[in-house]
Every structure is written in structure tokens, then in C-alpha cells.
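Construct all of the structure, not just a fragment, from the sequences and the given hints.
Under full-length UniProt numbering, read the sequence shown as residues 1 to 449, first letter to last.
If you are wondering where the hints come from, they were derived from the structure by calculation, not from laboratory data.
Note that beta-carbon positions come from the ideal geometry of N, C-alpha and C, so glycine has one too.
Restraint-style ranges between C-beta atoms, simulated for each label pair:
#, residue 1, residue 2, range
1, G154, S363, 43 to 51 Å
2, P21, A68, 35 to 43 Å
3, F381, S101, 27 to 35 Å
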Amino acid sequence: MVVGDALLDVDLVGTSSRLTPDAPVPVVEDLEIRERPGGAALAAVVAAQATDREVVLVAPLADDEGAARLRALLSGRVRLVAVPATGGTAVKQRVRVGDHSVVRLDSGAPAVTLGELPAEAVEAVRGAAAVLVADYGRGTTADAGVRALLAEAGGPVVWDPHPRGADPVPTVRLVTPNGAEAARVAPGPAGDGLAAVGARAEALIRHWGVGAVAVTLGARGALLSYGEGAPMVVPAVPVTGGDPCGAGDSFAAAAALALADGAVTGEAVAAAVAFAGRFVAAGGATAWDAPAVREPNVAAEDGVSALLARVRGAGGTVVATGGCFDLLHAGHVATLRAARGLGDCLVVCVNSDDSVRRLKGPSRPLVTAEDRARVLEALEFVDAVVVFDEDTPAQVLDRLRPDVWAKGGDYAGADLPEAAVLRRWGGQAVVLPYLDGHSTTALVERSRT
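Written out as C-alpha cells, the structure is:
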């Protein structure tokens with residue numbers, strides 16, 4: 001469940017081709033209004049999309065137009081337990097031109113005054129598998145009744161703090177400030193290097209008396225500290241484009257879901273970093289009502305559609321290649337590098353474990369599809385990895401519809417099996433030179449001698 005401040009976020013998206021004559025500011029025209037849940041409400045929706053569990057949102061709501069619009073957005077997505085409150089609904093409006101924000105306009109009282117907590121809210125917190133506190137500095141987490149209730153939570157508590165919010169209650173399992181928030185509370189050493197961030201995280205644990213602190217570092221991932229010993233650093237997978245708005249909410253929501261499923265804190269933070277990256281790549285908060293950003297079965301196919309759309313929107317060429325890639329070797333690397341040189345992005349289609357067994361025999365694969373995908377994703381010339389379960393990549397190619405399908409090996413002069421599939425949309429199958437003397441089978445045979 002999620003406890004915290006629910007906001008109404010509004011994007012006014014338009015076009016701009018000129019400046020006003022009286023000031024150097026853009027004239028934004030053809031506005032389209034897009035509303036979405038914000039704050040704790042966004043965190044609850046993100047969590048609900050990523051799990052089969054029921055997600056309950058406990059949040060103060062006033063009796064005004066903004067609250068009515070927010071209720072409509074949440075309807076059918078999460079179970080809302082509204083706490084009576086005065087102070088009005090906070091509305092945050094961004095004026096955007098394309099993918100860029102021009103200005104943000106905030107309205108609504110800076111704080112709310114809560115009424116009595118409903119019995120339904122008390123029961124939900126005490127019985128929750130995990131609780132996420134989404135603090136947006138409007139006074140909810142400072143309320144004595146809310147704090148006492150959170151101290152009695154039945155499951156682990158994740159606290160996503162705010163500079164104007166209250167300190168976490170000491171029973172919290174994990175607090176997730178971003179780098180700037182951590183620096184405000186525990187200034188410590190100057191800079192944003194890992195040593196400085198680690199020192200701040202340790203100081204925050206002492207200051208708050210909580211179990212652990214994970215400082216989120218944007219594209220650099222997150223640093224997890226338990227207050228002593230070496231911290232754990234979870235790097236993020238690089239994301240091209242995307243809207244970072246809501247990334248912190250997605251991180252905290254994913255961490256809470258992982259803890260609810262029995263993960264230890266380090267596992268929860270690692271899962272949260274991966275989830276937040278996929279969330280941003282899929283469009284971030286602006287794509288809040290898109291299909292769920294769930295953990296893929298084997299490898300990250302989430303975000304591939306957004307990648308292809310960006311490349312095609314810029315007039316680029318999409319290249320795909322495929323194979324088992326069981327024990328990645330120099331021949332694979334040469335082929336992949338050459339394939340990436342044929343276009344503007346490279347998607348690698350990888351045979352699943354069952355598919356490899358059917359093709360190579362019961363002793364293969366030597367490496368699971370999940371690990372093979374991770375190794376491939378780490379290569380700088382691989383933009384995305386998709387795992388398929390069929391014996392041939394025909395179905396995944398029909399979904400991706402690349403401009404070029406590149407295959408390495410001794411197929412020169414032969415008609416590739418995938419060529420007929422590519423011809424359906426005007427794609428081209430090509431053969432790349434193969435680095436002789438390198439194969440997984442040969443590596444396995446040599447290891448046995």
C-alpha cells in the first residue's frame with residue numbers, strides 16, 4: 001500500500017516556432033491537456049501496474065474540483081482510501097514543447113490539515129505486505145496519527161522523503177532520498193562522488209535511526225548503505241531519451257513491491273534501479289496509463305518500442321541480429337559490432353533456454369538466457385535485447401520489423417531463412433563476415449580436452 005500526498009499533474013503540450021515580441025519567451029500554441037495522478041497517487045498506480053497484488057492508496061483529499069479529477073483518474077486502478085482534509089488539492093502544471101518543459105505552475109495550498117483516519121486506512125496499513133510512504137511535503141507524514149500508524153505497519157516500510165517533509169519513523173526498513181535531498185539533510189563532504197554520497201547515507205542512517213538508506217543518483221543508479229561497512233552501488237542501464245519525471249516514484253514503488261515479495265534490501269534496491277530505468281525508457285510519468293512496465297520474463301523488452309519509435313522518428317535505420325550467444329566470444333563481438341555499423345540502433349534477438357535446448361541438445365545452453373542477455377546489453381554497440389522462445393526469430397522479427405536483419409557466418413550467396421519475413425515490409429537480410437575459428441561448440445570441445 002501507499003501512504004502520502006496525492007497530487008494532480010497536468011501537462012500542457014504544444015508547439016512553438018516563435019518568441020513573443022515583448023520578451024524572449026516562446027509562444028506555445030495548439031495546446032493539448034494531459035492529466036495524470038501525481039505524487040503518492042502516481043506511485044500507487046505504478047505499483048498497481050507492476051503487480052498482481054491489490055494496491056491501496058491512503059491519502060488526504062479535499063472536497064474540490066482537483067480531487068474529483070484525481071479520483072476519476074484513479075478509479076479502477078487502485079483502491080483509494082481518502083482521508084478527509086482541508087487545504088485543497090495540489091495541482092502541478094507543466095507547459096511543454098515536445099519533450100522539453102518550458103515552465104511549471106504550482107497551485108493549491110502548500111499544506112493540508114488531516115481529519116480523523118478512517119478505520120479502513122488503519123486496517124490496511126496494519127495488514128499490508130509492504131508500505132510505501134510517498135512524502136511530498138504537504139504535512140501528511142508529520143501528522144501524529146499517521147506516524148503512529150506507520151510505526152505499527154505489518155510489513156516493511158519504504159520511505160520516499162521530501163525536503164519539506166517529516167523525518168521517517170525509526171521503524172522504516174529503507175529510505176530513498178535522491179542525491180540533492182540527501183545533501184540537504186546531511187551536507188557532509190562536498191561533491192557528488194561515491195565517497196561523499198556514502199558518507200551522507202551513513203549520516204542519514206544515524207540521524208533518522210532507520211535500517212538502510214538508498215541514495216538514488218539518476219543515470220548513475222543508486223548507493224545503498226546500512227550505516228557501516230562498504231556500501232552497495234547498483235549501476236543503472238543507460239537510457240536514451242525518456243521523461244525522468246516520476247523516476248523516483250517508480251524506484252520507491254518497485255523497492256516496496258520487492259520487499260513485499262520477500263526480497264532482502266539489497267535485492268529490492270537492485271530491482272528498483274532496473275525498474276526505474278525501464279520506466280523512464282518507456283516514457284516515464286507521461287506514459288502513466290500505458291501497459292505495465294513489468295519485469296520481462298527473461299530480458300528487457302520493455303522500452304524497445306520506445307527505442308524503435310525514436311530512431312524511426314528521426315529517420316534512422318533499425319538493425320536486428322540474432323542467435324543463441326551461448327558463451328559470448330570474439331566472433332560474436334565482431335559480428336555485433338559490424339551489425340551496429342549498418343544503422344542507428346541494434347536489437348539482438350536471443351534464443352530462450354528452451355529454444356537453445358531444442359536446437360543444440362539437452363546439454364545446452366551453458367549460460368541462462370537472463371545472463372546471456374545481461375552480457376549482451378553491457379556491450380556499447382547493443383541498444384536492446386529481446387528473448388524469443390520459438391525455434392526461429394520469425395515472430396519476433398514480425399513484431400520489431402527492422403530495416404535490416406544481419407546474420408554472421410557462411411551464408412554468403414544463400415537465401416537467409418529470415419529474408420522472406422523481411423520482404424513483407426521492405427526490409428533487407430544481409431550476411432556479415434564471420435571471424436573464422438571462433439564458435440561456442442569449439443570452445444566447449446577444447447575445454448573438455
